[in-house]
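What follows is each chain in one-letter form.
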Amino acid sequence: VRLDQLLAASRVLIVAGKGGVGKTTVTAAIAVAAAHTGTSVLIVEVEGKSGLASTLGVEALGYDEIDVRPGVRARTLTPDQALLEYLEDRGLRRISRRLVRSGALDVVATAVPGMKDILVLGKVKQLERAQVADLIIIDAPAAGHAVTFLTSARGLLDAVRVGPVRTQAQDVMELLSDPTRCQVMLVTLPEETPVNEVVDTAFALEDRVGVSLGPVVLNAFPRDLAVVGHETSDDARAIGLTIPDQERRALDAASAFQHERSALAREQADRLSARLPLPQIRLPYLFGEIGGPEVEQLAATLTSEVEAMPGTSS
Amino acid sequence: MTTLAPLVREQHVLVCCGTGGVGKTTTAAVLALGAARAGRDAVVVTIDPAKRLADTLGLEALGNITHEIDRGRWDPEGRAPATGRLSALMLDSRSTFDALVNRYARGPEQAERILENRFYRNIAGALSGTQEYMAMEKLYELHEEGGHDVIVVDTPPTRHALDFLEAPARLTRLLDNRIFRFLMVPARTGVRVAGVAVQAFFRAVGRVVGTEAIEDVVAFFRAFEGMEQGFRERASSVTALLAQPTTAFVLVTSPRRDAVEEAQFFADRLRGSELTVAGLVVNRVHPDFAQGIDTEGLSDRLAFVYERANTASGESRGAAARLGRRYENLVDYASLARTERRQLDAAAARIGAAAVAHVPSLAHDIVDFAALDAVAAYVVGPGPASTLG
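Chains as they are written, first to last, in the numbering used here: chain A, 1 to 314; chain B, 1001 to 1389.
Bear in mind the hints are in silico, worked out from the structure with no lab data behind them.
Partial selection, computed: residues in chain A whose CB lies under 8 Å from chain B: (1) R90; (2) I95; (3) M115; (4) V165; (5) D235; (6) P244; (7) A250; (8) S255; (9) E260.
Using 16 Å as the maximum straight-line C-alpha spacing, the simulated EDC-like pairs for lysine to aspartate or glutamate come out as follows: (10) K1051(B) to D1368(B); (11) K1051(B) to D200(A); (12) K1051(B) to E191(A); (13) K1051(B) to E197(A); (14) K1051(B) to E192(A); (15) K1051(B) to D1365(B).
What follows is a list of derived Cβ distance ranges for each label pair: (16) A204(A) to S1236(B): 34 to 40 Å; (17) P1081(B) to P244(A): 47 to 53 Å; (18) R271(A) to P1360(B): 20 to 26 Å; (19) P164(A) to P1360(B): 51 to 57 Å; (20) D1055(B) to A308(A): 34 to 40 Å.
Cβ coordinates follow ideal geometry from the N, Cα and C atoms, glycine included.
Based on the provided sequences and hints, a complete structural model is requested.
So this is what it looks like as structure tokens:
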């Protein structure tokens, strides 16, 4: 599969995962990889605060789009921003300011659960309709909120029987459940609990939202040193190198640690394959901070991992 | 490195805070286990634990009820003092809130009107901040009931992990909202009392979200009348408990830069609220394999290995490549360990916690008592902590 083909399947790509799995890094890597194929990308950050700006090497993101690098733009879209815009679009500008000032906004949003999420997704739909970019990547909320975020439309349809917000929810449901318009890429770690959680999330999203799921990203995958069956001392002798004992022990301890990590990760990846029939993309664990060069490296791996995926059969 | 042993032996309340994904729930369980091993009656309030940890703590089907864990499970060798007890509870925000309404309602009728209201159900079920508030409420409830020497409470994995400090005030503010107090007026004295602006406002909002939602809100505020005072008093009692010297805040973090930065931010905020961070637990610290190794010699040999990997042929080329990977791996871990140490030292200095514990990155998930014990060895010291210590 070519990356541009995979990404061309839908204009909206929602990247979702629990906190701490590196969702933001993955978002940045997808954006960069896509831009390399000539796809124009808009990253939408819906939580208002994540490491996206520093990962991309730019100042803080805001409501107005900024150019992050050639072919990649980014902006925020928080629930409050979306609500204000929604009200302003309907000629309720003065009231919207009053709503915010008085704190009544909280009350209204509480009266209609999921309303804030709907407004964010409704705005995403608007961006999609306006074709603001070839690919709109949504860096979805973390902390297990992704399912709530994406199921809010269905919940709201049950709760609100009339009115513009209901129409908005219907539009959002249409967007989410149409595989030619939207897909979700789940990000997790190759560890036991994160694997269990991503399986639950995948099923919940498919059952409750009917959203199309793209490949699962297994992030921070420990590299395999491929030294099993060879002794450090034998290899050293073969090239005429003398390694001090203490250094050899350190080399062996670090290799053993890495070997165990990588074997466990593979075991978890297999368990994930058995439980969730979705293609997997493995991105390597990187030592050190993630900045521009690291994102490039991950983007390259992402591209080759997608190319190695079996072609779509269904 | 110090441990948090003094905290689990002496404090009455331990509040674990930190961002999501840093092992907060596990740390809370470990601290409660440490307290029980030190001969104290400990209870841990968990929030949304991973399923297997919940199973270990016997929380499969128990929501909101304190449940004592069979001694044989956490102390199979019977080494802990007989006074040690370990209980656990999985927070159920909704029923905690319901109990609070029942407590402050004038009678069952008022309580029922509130509990049935759709707006109330939204607040109790889904409002962000409710879970934080209820975690603190549950803590206060357990404290008031008495019976436990130490209560360890986990906090929800919110992006801003200190929401729990503000949640009671935020909710009280919502319940107190002036605009909605206007709404209650028409019922008593006639429609015209409410200002024109307020009426226009609600017509507009009603057009957008539907009038039903607004009616629910109005009905809720009417039903809730008279209870605000009780809620406010309760919220300030909770705040007072958190400020007690017998309450200790434990920051949980990982050595990742973003988590460390967040931890520093929490510490500053806690200090701003006159609360101090007593303990700092850093999970998933990487081992320093290159400790005591001559780094100059290391890079000389790595250069030699690279050179051989490019020039050698056959068997020795493969050997050089393998050695190259081993060396790179060691160098990577060494530099990771250096970075982590530098960041953690800086953070510890800024946070100023009296007790700091580092837990190494463990291969397996912490899902059973054996694993909790392994972590406890780092957090509160090895073996059953002695009460005589």
